[in-house]
Amino acid sequence: MKLIIFNRIISINIKFQPKNGENTRATYTLKEDGTVHVLNETWSDGKRGSIDGTAYKADPNSDEAKFKVKFYVPPFLPIIPVVGNYWVLFIDDDYQYALIGEPSRKYLWILCRQTHLDEEIYNQLVQRAKDEGYDVSKLHKTPQSDPPPEGEGPKDTKGIWWIKSIFGR
1 MKLIIFNRII SINIKFQPKN GENTRATYTL KEDGTVHVLN ETWSDGKRGS IDGTAYKADP
61 NSDEAKFKVK FYVPPFLPII PVVGNYWVLF IDDDYQYALI GEPSRKYLWI LCRQTHLDEE
121 IYNQLVQRAK DEGYDVSKLH KTPQSDPPPE GEGPKDTKGI WWIKSIFGR
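Everything in the sequence shown is counted per the numbering used here, starting at 1 for the first residue and increasing by one.
It is worth saying that the hints were derived from the structure and are not from the lab.
Hints may be right or wrong, so weigh each one.
Below are the DSSO-like pairs computed for lysine-lysine, each with C-alpha atoms no more than 30 Å apart in a straight line [to be verified]: (1) K70 <-> K57; (2) K47 <-> K106; (3) K19 <-> K141; (4) K31 <-> K70; (5) K57 <-> K138; (6) K47 <-> K70; (7) K106 <-> K19; (8) K138 <-> K19; (9) K70 <-> K141; (10) K31 <-> K47; (11) K68 <-> K138; (12) K66 <-> K31; (13) K130 <-> K141; (14) K106 <-> K141.
Note that the structure is a prediction, hence the values are computed from the model and not measured.
Take the sequences, apply the hints, and build the full model.
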């Protein structure tokens with residue numbers, strides 16, 4: 001199984017994630033059945049919030065990097081499946097950074113294996129997103145510490161952030 005961790009450098013504000021989230025990252029682990037386990041984590045007010053999901057090819061017969069990601073919500077009682085699109089718009093040859101979007105162009109992420117991204121590369125990715133039709137004026141940088149926090153920490157929110165996000169907090 002291959003494990004890849006990407007730090008979220010910037011995104012279009014997403015209602016189902018904490019507004020004041022820091023050190024947000026996604027961990028991808030390839031599973032034997034060809035799907036990918038997804039662990040999204042963020043720290044808000046010193047507390048860790050996370051959600052697990054599964055990514056799979058939207059069209060198994062296509063070479064396009066278009067995936068579906070399924071999460072069960074709320075995170076503390078995962079009973080409702082929610083499926084979203086996850087399109088890899090660009091990834092560099094060394095898999096160090098990526099531009100991720102989806103067809104409605106409401107959501108966009110710039111991810112990086114490091115906690116920071118070179119300014120020139122960042123600007124190129126933002127321009128690429130703009131060229132793809134995304135409203136880059138809505139982009140919001142995610143604060144990242146170096147080194148990032150390790151593990152769950154003693155103050156895991158157990159998904160309470162998800163309820164708060166419904167009410168815009």
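Evaluation of the provided hints:
Between K70 and K57 the CA atoms are separated by roughly 11 Å; this keeps the pair inside 30 Å, and the hint holds. Our distance criterion of 30 Å between C-alpha atoms is met by K47 and K106, whose separation comes to about 27 Å. Distance check on the hinted pair: K19 and K141 sit about 11 Å apart at the alpha-carbon level, within 30 Å; holds. Annotation: proposed proximity of K31 to K70 holds, straight-line Cα distance about 15 Å (limit 30 Å).
Distance hint between K57 and K138 is fulfilled; the C-alpha atoms sit about 28 Å from each other, no more than 30 Å. For a cut-off of 30 Å, the pair hint linking K47 to K70 stands: about 24 Å separates their Cα positions. The suggested pairing of K106 with K19 holds, with an alpha-carbon distance near 16 Å, which does not exceed 30 Å. Distance restraint check for K138 and K19: the Cα-Cα separation of roughly 13 Å lies within the 30 Å cut-off, and the hinted pair is therefore satisfied.
With a C-alpha separation of about 25 Å, the suggested pair K70 and K141 falls inside the 30 Å cut-off, and the hint holds. Straight-line distance between C-alpha atoms of K31 and K47 comes to about 28 Å, which keeps the hinted pair within the 30 Å bound. At most 30 Å may separate the alpha-carbon atoms for a hinted pair to count; K68 and K138 meet this at roughly 24 Å. The straight-line distance between the Cα atoms of K66 and K31 is roughly 18 Å, inside the 30 Å bound, and the hint therefore holds.
Under the criterion of a C-alpha separation no larger than 30 Å, the hint pairing K130 with K141 is consistent with the structure, at around 16 Å. For a cut-off of 30 Å, the pair hint linking K106 to K141 stands: about 16 Å separates their Cα positions.
Violated hints: none; the structure is consistent with every hint.
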